[in-house]
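**Student:** Letter by letter, the chains look like this.
Protein chains: 2
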Amino acid sequence: MINKENLTQHISQQFNVELEEVRSHLLAMGGLVEKQVNDAVIALIDADSGLAQQVREIDDQINQMERNIDEECVRILARRQPAASDLRLIISISKSVIDLERIGDEATKIAKRAILLCEEGEAPRGYVEVRHIGDQVRKMVQDALDAFARFDADLALSVAQYDKVVDREYKTALRELVTFMMEDPRSISRVLNIIWALRSLERIGDHARNIAELVIYLVRGTDVKHLGLTRMQEEVQGSKKNS
Amino acid sequence: MINKENLTQHISQQFNVELEEVRSHLLAMGGLVEKQVNDAVIALIDADSGLAQQVREIDDQINQMERNIDEECVRILARRQPAASDLRLIISISKSVIDLERIGDEATKIAKRAILLCEEGEAPRGYVEVRHIGDQVRKMVQDALDAFARFDADLALSVAQYDKVVDREYKTALRELVTFMMEDPRSISRVLNIIWALRSLERIGDHARNIAELVIYLVRGTDVKHLGLTRMQEEVQGSKKNS
Numbered sequence: 001m002i003n004k005e006n007l008t009q010h011i012s013q014q015f016n017v018e019l020e021e022v023r024s025h026l027l028a029m030g031g032l033v034e035k036q037v038n039d040a041v042i043a044l045i046d047a048d049s050g051l052a053q054q055v056r057e058i059d060d061q062i063n064q065m066e067r068n069i070d071e072e073c074v075r076i077l078a079r080r081q082p083a084a085s086d087l088r089l090i091i092s093i094s095k096s097v098i099d100l101e102r103i104g105d106e107a108t109k110i111a112k113r114a115i116l117l118c119e120e121g122e123a124p125r126g127y128v129e130v131r132h133i134g135d136q137v138r139k140m141v142q143d144a145l146d147a148f149a150r151f152d153a154d155l156a157l158s159v160a161q162y163d164k165v166v167d168r169e170y171k172t173a174l175r176e177l178v179t180f181m182m183e184d185p186r187s188i189s190r191v192l193n194i195i196w197a198l199r200s201l202e203r204i205g206d207h208a209r210n211i212a213e214l215v216i217y218l219v220r221g222t223d224v225k226h227l228g229l230t231r232m233q234e235e236v237q238g239s240k241k242n243s
Numbered sequence: 001m002i003n004k005e006n007l008t009q010h011i012s013q014q015f016n017v018e019l020e021e022v023r024s025h026l027l028a029m030g031g032l033v034e035k036q037v038n039d040a041v042i043a044l045i046d047a048d049s050g051l052a053q054q055v056r057e058i059d060d061q062i063n064q065m066e067r068n069i070d071e072e073c074v075r076i077l078a079r080r081q082p083a084a085s086d087l088r089l090i091i092s093i094s095k096s097v098i099d100l101e102r103i104g105d106e107a108t109k110i111a112k113r114a115i116l117l118c119e120e121g122e123a124p125r126g127y128v129e130v131r132h133i134g135d136q137v138r139k140m141v142q143d144a145l146d147a148f149a150r151f152d153a154d155l156a157l158s159v160a161q162y163d164k165v166v167d168r169e170y171k172t173a174l175r176e177l178v179t180f181m182m183e184d185p186r187s188i189s190r191v192l193n194i195i196w197a198l199r200s201l202e203r204i205g206d207h208a209r210n211i212a213e214l215v216i217y218l219v220r221g222t223d224v225k226h227l228g229l230t231r232m233q234e235e236v237q238g239s240k241k242n243s
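Chains as they are written, first to last, in UniProt numbering: chain A, 1 to 243; chain B, 1 to 243.
Derived from the structure by calculation, the hints contain no laboratory data.
A virtual CB, placed ideally from N, CA and C, is assigned to each residue, including glycine.
Check the hints yourself; a few may be wrong.
[To be verified] Cut-off 30 Å, straight-line C-alpha distance, at most; resulting in silico cross-link-like pairs (BS3-like, lysine-lysine): (1) B:K35 - B:K225; (2) B:K225 - A:K112; (3) B:K112 - A:K225; (4) A:K112 - B:K35; (5) B:K171 - B:K139; (6) A:K35 - A:K112; (7) B:K109 - B:K164; (8) B:K139 - B:K109; (9) A:K164 - B:K164; (10) B:K164 - A:K139; (11) B:K109 - A:K109; (12) B:K35 - A:K35; (13) B:K139 - A:K139; (14) A:K35 - B:K112.
[Said to hold, decoys possible] A partial selection of chain B residues facing chain A, derived with a Cβ cut-off under 8 Å: (15) N68; (16) A78; (17) R190; (18) D223; (19) K225; (20) H226; (21) G228; (22) L229.
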């Protein structure tokens with residue numbers, strides 16, 4: 001028997017299903033993007049142009065996922081008119097998807113550099129740094145997505161904090177590679193491929209940090225963008241005390 | 001006398017005022033960001049570290065504008081539950097603001113390169129390219145914002161199309177600068193500053209293109225992201241014929 005109460009409950013259950021679905025689509029996209037970053041780094045280190053080509057082809061799939069998730073978010077906003085934490089969830093998803101798509105773009109750029117290095121011959125330096133910083137930013141992406149999956153503001157905070165470490169190591173690597181190029185100018189073009197790949201990795205770290213900030217917004221309700229790490233930490237740990 | 005009809009009209013007028021306000025805040029932020037790009041390029045070309053410093057300081061203001069506009073969008077979504085073209089307007093604004101903030105970031109990066117060039121001494125090459133590509137992307141940002149202000153999908157389309165030209169010229173400039181570095185390795189560090197600045201300009205072009213795509217979405221109701229220029233043109237000009 002259908003009465004008004006049942007109907008309301010039914011609608012709200014259906015709404016929860018939709019929210020759960022769009023969230024799981026975001027996480028699935030995240031999983032694929034994470035794999036793209038991993039594969040792009042391996043393709044570059046192992047000079048595997050086949051794997052690099054595969055990364056470039058899968059990018060279309062990621063773009064399509066972005067379009068689908070965007071559509072789902074707009075549909076939910078239009079039909080369900082979510083409020084409070086539901087609205088924050090939709091906003092966080094529709095912004096995270098932009099960062100995930102750009103991480104995918106950067107993975108594709110790394111794959112392009114891998115292909116160029118296969119053609120031009122391998123660079124005399126920089127692979128250790130690519131592997132190391134690659135591992136770091138892949139972990140950041142993974143943790144940012146885990147934080148999203150588990151609504152874990154503390155893990156998100158640690159991702160944002162870790163971005164500083166990556167930035168520092170990226171700068172050090174860059175300085176060393178510039179010095180090396182000055183000593184061996186014939187390698188400039190090949191070393192520059194490594195530098196562009198490192199640059200992409202550093203950008204991937206920035207995007208992971210953006211996603212982490214959105215998780216904090218989702219869980220704590222505060223926009224921590226541009227606030228700086230100290231204020232961010234206060235927001236995450238301060239509001240934990242209050243809750 | 002207040003009756004229900006008046007009240008509805010009153011609410012909807014108030015709603016229109018809010019939409020107009022947030023749109024004008026976006027355009028004001030856009031105007032400031034455009035000035036930042038201009039000033040950063042001038043600072044680099046004229047080796048004006050004072051102007052570069054000013055660009056870096058104004059970045060905080062832009063970040064604050066992003067936070068404020070974000071807040072306005074969330075408030076409108078929560079209280080007004082906009083639908084159809086009003087919803088598209090809020091979505092376009094809340095996404096454009098991300099691109100504007102990143103354009104501001106890239107302007108700051110150019111300003112940092114300007115300061116480094118003041119310290120290390122000017123680069124032997126690349127200023128012509130910075131000026132030229134700088135003019136092009138500033139025009140793109142300006143046109144994307146004008147398209148937003150006037151709901152002009154055709155102008156937005158031309159911005160997206162122009163991005164191809166910038167990408168091509170950026171690649172040509174890069175090739176020439178790499179060749180130059182190989183001939184004059186002592187200049188590597190200084191020329192790299194120019195290369196990073198050019199890279200930032202190319203990214204600014206990408207962000208202007210993103211904003212242009214959002215204008216097309218706003219005006220035509222179709223998400224043209226990742227569709228490619230041919231499909232984008234069909235969407236803009238095809239739906240014009242239908243309307």
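**Student:** If a hint holds in the structure, say so; if it doesn't, say that too.
**Tutor:** Hints, verified against the model:
1. B:K35 - B:K225: 27 Å, holds
2. B:K225 - A:K112: 22 Å, holds
3. B:K112 - A:K225: Within the cut-off at roughly 22 Å; holds.
4. A:K112 - B:K35: 34 Å, violated
5. B:K171 - B:K139: 19 Å, holds
6. A:K35 - A:K112: 16 Å, holds
7. B:K109 - B:K164: With a Cα-Cα distance of about 23 Å, the restraint between K109 of chain B and K164 of chain B holds, given a limit of 30 Å.
8. B:K139 - B:K109: 19 Å, holds
9. A:K164 - B:K164: 34 Å, violated
10. B:K164 - A:K139: Distance of about 34 Å is beyond 30 Å: violated.
11. B:K109 - A:K109: Answer holds: K109 of chain B to K109 of chain A is near 20 Å, not above 30 Å.
12. B:K35 - A:K35: 39 Å, violated
13. B:K139 - A:K139: Distance of about 39 Å is beyond 30 Å: violated.
14. A:K35 - B:K112: Between K35 of chain A and K112 of chain B the Cα gap is close to 34 Å, so the pair fails against 30 Å, i.e. violated.
15. N68: 10 Å, violated
16. A78: Result: holds, 5 Å to nearest chain A Cβ.
17. R190: This hint is violated: R190 of chain B lies away from chain A, its Cβ roughly 11 Å from the closest one there, beyond 8 Å.
18. D223: Holds, because the Cβ-Cβ distance from D223 of chain B to chain A comes to roughly 6 Å (cut-off 8 Å).
19. K225: Result: holds, 7 Å to nearest chain A Cβ.
20. H226: 4 Å, holds
21. G228: Hint violated; G228 of chain B Cβ to chain A Cβ min 11 Å, cut 8 Å.
22. L229: 15 Å, violated
The structure fails to meet hints 4, 9, 10, 12, 13, 14, 15, 17, 21, 22 from the earlier list, while all remaining hints are met.
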